[in-house]
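Line by line, the protein sequences give chains A and B.
Using this note's numbering, read the first sequence as starting at 298 and increasing by one per residue.
Using this note's numbering, read the second sequence as starting at 32 and increasing by one per residue.
Be careful, since some hints might not be right.
To be verified - Pair ranges (Cβ atoms, derived):
1. E500(A) x E54(B): 44 to 50 Å
2. S523(A) x G179(B): 38 to 44 Å
3. A550(A) x L173(B): 49 to 55 Å
4. G552(A) x E142(B): 29 to 35 Å
5. E142(B) x H518(A): 49 to 55 Å
6. Y53(B) x H518(A): 47 to 53 Å
Don't read these hints as lab results, they were simulated from the structure.
Since this is a predicted model, take the numbers as computed values, not measurements.
Beta carbons are placed, not taken as given, at the ideal position from N, Cα and C, and that holds for glycine.
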Amino acid sequence: MEERPRLAVYWASGCGGCEAVFLDLGDRLLEIAQNYEISFFPLLCDTKLHSVEGFHDGAVDFTLITGAVRTTHDVAMVRTLRRVSKRLIAMGACSQLGSVVGLGNLTSAAEIMHTVYDGSDRSGKMPRNVTLTASGSLELGGITEWVRPLDSIVPVDYAIPGCPPEADRLWEVLQLLRTSLVGDVELPGPGAVLGARDGTVCEECPLPQPEGPTRSFFRMHQVAPSQELCLLDQGLICSGPATRGGCGALCPAAGAGCRGCYGGPPGIYDQGARMMAALAALAGTGDGEAAETKEEQLRKHVEAEVSTLVDPVGTLYRYSFPVSLLARLGQEEDES
Amino acid sequence: MIDCRVNHGYNRDIQRGHNVEYEPRIVGFLCNWCAYRAADLVGTIRKPYTANLRTIRCTCTGRISPELILRTLKAGADGVLVVGCHPGECHRGDGNLKALRRISMLRRLMEQVGIEPNRVQLAWTAASEGARFAEVADRMELQIRQMGPLTNDLLPSRGASSLSSLSGR
């Protein structure tokens, strides 16, 4: 039988949504089992860590890692997997950008532990890293101070964006990877984003173009969205203008603003900051504003309008906070 | 490229125990039509004002994006001062109002992550208001001097072992 490429899939600190995408593949899931030899996929097969540790360097052709790097165990696992893999692929927004898990960077690890285990309505029992049993001591790693995307720990070859990535896109990537080994296609250079487009979500959106002005913002439960108007015109935050396309604009088409899960399109340094710029451009200038004579009143007026955006960091940087310029201001960093 | 790295050197000198006086570095984005002319006028009227402001002339404050401001701060500036025309007098219609909205929003986000919002300020001057421009710059220099170098005490530390991340595309 002809040799099949080896595939590993590992779930770091994520929600399991990326794994559900494998189920969304439907019958094609069986084709994966036919086309690939699965070396390590704890969710599906009984593969053990020590067997992976025994692999020689580069033994696995492709490794997909989902979830952010939040625990010391994650750090050790991704280092091992990097060593044994020819190509390492960050799958999903957590792995690529830090994502919702990365909003944990707004708080210290100690405060998170306190809230979860030591809050007033909890037992007050803090988890231990070491437990002594009759047969010896059991050790578990702890959580890291800063949630990291995969490529700040190990070099990453490609990223498949999305929360979660669309099943069709994942399938395309898996096909691309497999055929690249046969020599039919050539893979792009390291650092490429696979399974997405270079344009923005707006380019794929079926809703009409925004007309503006949008001055104050609403949360999803406060308005019934209309399909006749751009969501931004209705005061709903839609990160489409600052988000990479490829998903087919599923959320805006269903009346929910784009959450921004594919990250910024190429050439953008900071997704949230680009979204701020887009929101201001759409706000336009009403007659009231231009005619406002007292400058301090004008400032207060605009500040009040802007403050209708609840939790701005969690909204505009929902998926990209750990990699954002905003989060890295005032932080010491190694020169790359 | 402006060399905004003076504070890295400053931090290093402090760590080594050298006694250096902190000099804030403020980058000013001035609109071509009002603010830059006001800054020019300060020279003409020979009014002394802060030397800590590095000015950059731009077409309109409506083109100064939050992304550019964040990159300026990340590159080592301690503060960013954006100066445009008075509301209603924008050479390009409403650029100064867009800047107002962007900077108001950016300041709110900075506050949420634990950075003094006053590190980014927006001011308006007319081309004839040289003295006012000097006052604005002096006031901001004093505020930044009191704040000291840009640090973030609210967010957890990334840790010294951090590598470059994929946002540096």
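Each hint, compared with the structure:
1. E500(A) x E54(B): 44 to 50 Å: 47 Å, holds
2. S523(A) x G179(B): 38 to 44 Å: Given about 50 Å between the Cβ atoms, the range is violated.
3. A550(A) x L173(B): 49 to 55 Å: Distance hint for A550(A), L173(B) holds at roughly 52 Å.
4. G552(A) x E142(B): 29 to 35 Å: For E142(B) against G552(A), whose Cβ atoms are near 31 Å apart, the range 29 to 35 Å holds.
5. E142(B) x H518(A): 49 to 55 Å: Once the Cβ atoms are compared, 25 Å apart, the range 49 to 55 Å for H518(A) and E142(B) is violated.
6. Y53(B) x H518(A): 47 to 53 Å: 48 Å, holds
In this structure, the hints that do not hold are numbers 2, 5, in rising order.
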